[in-house]
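Sequence order for the protein chains is A and B. Residue numbers for the first sequence follow this note's numbering, so the first one is 6 and each next one is one higher. Residue numbers for the second sequence follow this note's numbering, so the first one is 561 and each next one is one higher.
The hints are simulated quantities; they were obtained by calculation from the structure and are not laboratory data.
Some chain A residues close to chain B (C-beta under 8 Å, calculated; not the full set):
#1 VAL19
#2 TRP23
#3 ALA29
#4 GLU51
#5 PHE54
#6 LEU62
#7 GLN65
#8 GLU69
#9 VAL74
#10 ARG77
#11 LEU78
#12 VAL82
#13 ASP83
Glycine included, each C-beta is placed from N, C-alpha and C at the ideal position.
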Amino acid sequence: MTEHQAVIPCSEAVRQLWDYLDQAVSPEEQEQVEQHLSFCRTCCGELEFAKELRGFLASQGAEELPPHVKARLERFVDDL
Amino acid sequence: MVEVQDRTKESFQQLATAELPALYWLARRLVRDGAEDLVQEALLRAYRSYGTLRQDTAAGPWLKTILVNVFRDQLRRQDRTVEELPVDQVEDFSLYQTLVEQDPLPYSDTLHHDYLQAFGNEDVREVLLRLPELYRAPLVLRYMDGFATKEIARLLDVPLGTVLARLHRGRRRFEQELWAYAQETGLLLKGAVR
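Given these sequences and hints, build the entire structure.
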């Protein structure tokens, strides 16, 4: 961390966690988040939960279609 | 696999049929009612512009993009104005912290994981549908369907900064609603930890 960078509070670190995981923060912000995580156990927990929640959302995949929906949509495609 | 050159009605039908589940479940997350209509309208548009599909391997994202365009156009026609949530209304809530403090699964060694696993697909959809479209659509597109934020900005026709702000508020609101939904429905009391 460079000398002039202030340590960010938990609220700011938490606000940036998902963007941090998305690699959508600037190098300076990344450094600030990592600096904060290096000493804040609570925010490390927030980070792990953010990862868990992202994985959970991504796992909500496309299941098989209900039979009646499948039949209707396939008929629609056949009639194009 | 359908060849690019083979842009026949039959090849479109084959390609579209393979993508029906992905399109339908995306539509179900975007709208409470009318998911089938949304898919059908998207398929019609896609068929009319089948010639613009450059690679057969891109058929899935191509069809999803068209579906999101139809969704966006529907929202515009409805002309529903949804106000942006005040920042402080959503900033303070942390589901992680709430779970630590309330400990709704006292016998769990993996509280946060088990809490999420209590939600089935339909529960997640109900929670998503509690969010205004303004926040729901970016959340679904980014974290469930894997669109890049720049692509979402283009699809929804809003600046990138707006997408990032809505994603942030949408995530917070989603966490709030995950908690509220479980409380209101007694989800954890049903022994629904799966």
